[in-house]
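Listed below, chain by chain, are the residues.
There are 2 protein chains.
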Amino acid sequence: MSSEKLTKVRIVGSGLIGTSIGLGLVQGGIAVEMIDSDPRSQSLANDLIGGVGVAAPELVVLAMPTSQLAVVIKREIDLNPHCTFIDVGSVKGEVELQVKAFPALSRRFLPTHPMAGREIGGAGSARADLFQGRSWILTPSEDIEPNSKALVLELISLLGATPIELSAVDHDRAVAKISHLPQVAASLVAKQLIDTPTEWMELAGQGLRDTTRIAGSDELLWKEIIFSNRTELQQLLINLQRDLGVMIDALEDPEKIASLIAAGRAGRALIPGKHGGKAREYSFLPIVIDDKPGQLGAIFNECAAMDVNVEDLNIEHSPGQLSALITLALSHSDAEKLSSHLISIGWNVHPIRK
Amino acid sequence: MSSEKLTKVRIVGSGLIGTSIGLGLVQGGIAVEMIDSDPRSQSLANDLIGGVGVAAPELVVLAMPTSQLAVVIKREIDLNPHCTFIDVGSVKGEVELQVKAFPALSRRFLPTHPMAGREIGGAGSARADLFQGRSWILTPSEDIEPNSKALVLELISLLGATPIELSAVDHDRAVAKISHLPQVAASLVAKQLIDTPTEWMELAGQGLRDTTRIAGSDELLWKEIIFSNRTELQQLLINLQRDLGVMIDALEDPEKIASLIAAGRAGRALIPGKHGGKAREYSFLPIVIDDKPGQLGAIFNECAAMDVNVEDLNIEHSPGQLSALITLALSHSDAEKLSSHLISIGWNVHPIRK
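Each protein sequence line maps, in turn, to chains A and B. Residue 5 is where the first sequence starts when you use this note's numbering, and the numbers rise one by one after that. Residue 5 is where the second sequence starts when you use this note's numbering, and the numbers rise one by one after that.
For the record, the hints were derived by calculation from the structure and aren't laboratory data. Just so we're clear, the structure is a prediction, and the values are computed from it rather than from any experiment. Note that the Cβ used here is the ideal one computed from N, Cα and C, for glycine as well. Wrong hints could be hidden among the right ones.
Unchecked claim - The list that follows gives simulated cross-link-like pairs (lysine-lysine, DSBU-like), each with its CA atoms no further than 35 Å apart: (1) A/K260 to B/K104; (2) B/K153 to B/K104; (3) A/K78 to B/K260; (4) B/K358 to A/K12; (5) B/K78 to A/K260.
Stated by the list, open to error - Taking CB as the label site, the calculated pair distances span: (6) B/A302 to A/R246: 53 to 63 Å; (7) A/S47 to B/V173: 52 to 62 Å; (8) B/S335 to A/N352: 24 to 34 Å; (9) B/N313 to A/H345: 17 to 27 Å; (10) A/Q239 to B/L157: 47 to 57 Å; (11) B/N318 to A/H345: 21 to 31 Å; (12) A/R79 to B/M310: 43 to 53 Å; (13) A/K9 to B/H336: 20 to 30 Å.
Here chain A stands alone, though its shape is the one from the complex:
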């Protein structure tokens, strides 16, 4: 069976992740059937992705809450006893424990975790491109079947993600720090906003918005993630609580305040650039345009004419005014070239920022 290829996949769970996997696989030419405990959700998900009835799939994706894993495995293993299985849960130690109860599956179950998600869930929010360019973590046992692993790698590749192998313990420690800790912090900062006068809230700037964005996430999803990873998360929360205490005690001492803020800046600098790996360095070109149809198109036509590639773009409106500020992220040389060109033909271009 070592040359088995992925042709048929069964996905159990039609939430954001399961349905997004389904969408991506169907676009990649794979036959997919979506299964859900709720018949209406199952029907909707199959309609959304173009799902079909699938007999004898090579791979079963378990995309439901980890708490239901044992029950679902028991049923699925009877239906497809020789199949490869993966889950996509956010905490892997818990999954390893649950799978231990099924020795027949030990060499054909590969715990995985795609590092992608959104603040909103459900099949309706699914995107075929959800995993494009993201990391997809595998925590395989040492004796995993080579063929099972190959099938999983093929699935990850079809979805445009990059496979990364970690031990389950390292995975759970890593996500506790880079995902679960910031989630708890964002939620608790946002909680402090309750009962704030409306006129104060209207002063909120981008800092508050960014710091609390993920506080909009679903509590049913997060209660399970936090609970499953509580062992790894607990010490991190205690450390944060201790540092808050240090800050409270430092309030009368500006130098101590500065050293805590500086430590934060040092930690922040360790986060790699947006595409993973090393940070890419862009130049930023601010342009003030009329806030009406046609202006952005005209700018991008000039970009195309100058063979300039726009890496990213931000738009800020000025309410009550008929202008908007757009900021293009470009390579240094493209920024210089485009800036000179746009100025020469009369656009309101501001100095390049690096």
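Given the structure of chain A, go ahead and fit chain B onto it with the hints provided.
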């Protein structure tokens, strides 16, 4: 003097805020002179904005750290004894206290706080449009000279900002909650990242990036802001510390975890939309394009042809792939219209998200 107009402004302090005010005023036709305790910074700032020597200004902007306010006022009041003064510091109770030492100034000093900034400081980061569409808070005393207030409102209007009057106490309480608390939280979460293995950091997603973005801020600026507002900030930090303790105690109880995360979502929902005032609701239209020059221009030409106004835009690249995902924020009706049109002419349009 009640009909005095703003024609000449002296700005003391050539950092990000002072220089940005200078740039904006010069663009608005005002003669501006930048002053700095460092002669080289002063010279650079005047070169950047097109500053000129200004005699008998109507208004002096004090844009240096609040801790130096008394010393600078003493000097400036001798130079321009009949002038109107404002400061732009982030904490206003402290400013009121310092200005009380100058009774001659009491009716001509108006404490203000423009709600704008960037993670990076200095004259080189200044932007004439920094205040466009932002709130600019005034905390005037009851007996402020009407003419002084009119000059300040003219300055705010010239810079494209919206004036908002608050008491100094309300201002300091509001910014403690919506600005200084998130800053401390972001810095302390980012501090926890120190000594994290590089391969774990490479798994960082947008959640961690957003939650810690403002942790990149300057510690010299923030030590002064936090220290000046420590009275208002202290209780908020204690509340956050207490809620962290509640979360730590709740780790064995999924329902308690869920209620804390849900409270965060409720608090987050109180933040108004990006333009201030009530949140504007957009539809989001995802489109997969080839990642090469010309594609964005073509999309925006279609927008213009359909009379569709793009409110915001996000670009996500897929590294190692020749495609990019752009997501347009549009009104509901524009999204429907554009989606049908783009699909009909062959673009890879994904379902609208609300």
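Do the hints match the structure? See the list:
1. Of the pairs offered as hints, the one joining A/K260 and B/K104 holds, with about 29 Å between alpha carbons and a cut-off of 35 Å not exceeded.
2. Note on B/K153 and B/K104: the hinted pairing holds, with a Cα-Cα distance of about 18 Å set against a maximum of 35 Å.
3. Restraint check for A/K78 and B/K260: the C-alpha separation of about 30 Å stays at or below 35 Å, so the hint holds.
4. Between B/K358 and A/K12 the alpha-carbon distance is near 32 Å, which keeps this suggested pair within the 35 Å criterion.
5. With a C-alpha separation of about 30 Å, the suggested pair B/K78 and A/K260 falls inside the 35 Å cut-off, and the hint holds.
6. Between B/A302 and A/R246 the C-beta distance comes to about 54 Å, which sits within the given range of 53 to 63 Å.
7. Between A/S47 and B/V173 the C-beta distance comes to about 58 Å, which sits within the given range of 52 to 62 Å.
8. For B/S335 and A/N352, the Cβ-Cβ distance of about 26 Å falls inside the hinted range of 24 to 34 Å, so the restraint holds.
9. Separated by about 25 Å at the C-beta atoms, B/N313 and A/H345 satisfy the suggested range of 17 to 27 Å.
10. A C-beta distance of roughly 53 Å is found between A/Q239 and B/L157, which places it inside the suggested range of 47 to 57 Å.
11. The hinted range of 21 to 31 Å is satisfied by B/N318 and A/H345, whose Cβ atoms lie roughly 25 Å apart.
12. The given range of 43 to 53 Å is respected by A/R79 and B/M310, whose C-beta atoms sit roughly 50 Å from each other.
13. A C-beta distance of roughly 43 Å is found between A/K9 and B/H336, which places it outside the suggested range of 20 to 30 Å.
Going down the numbered hints, you'll see the structure goes against just number 13.
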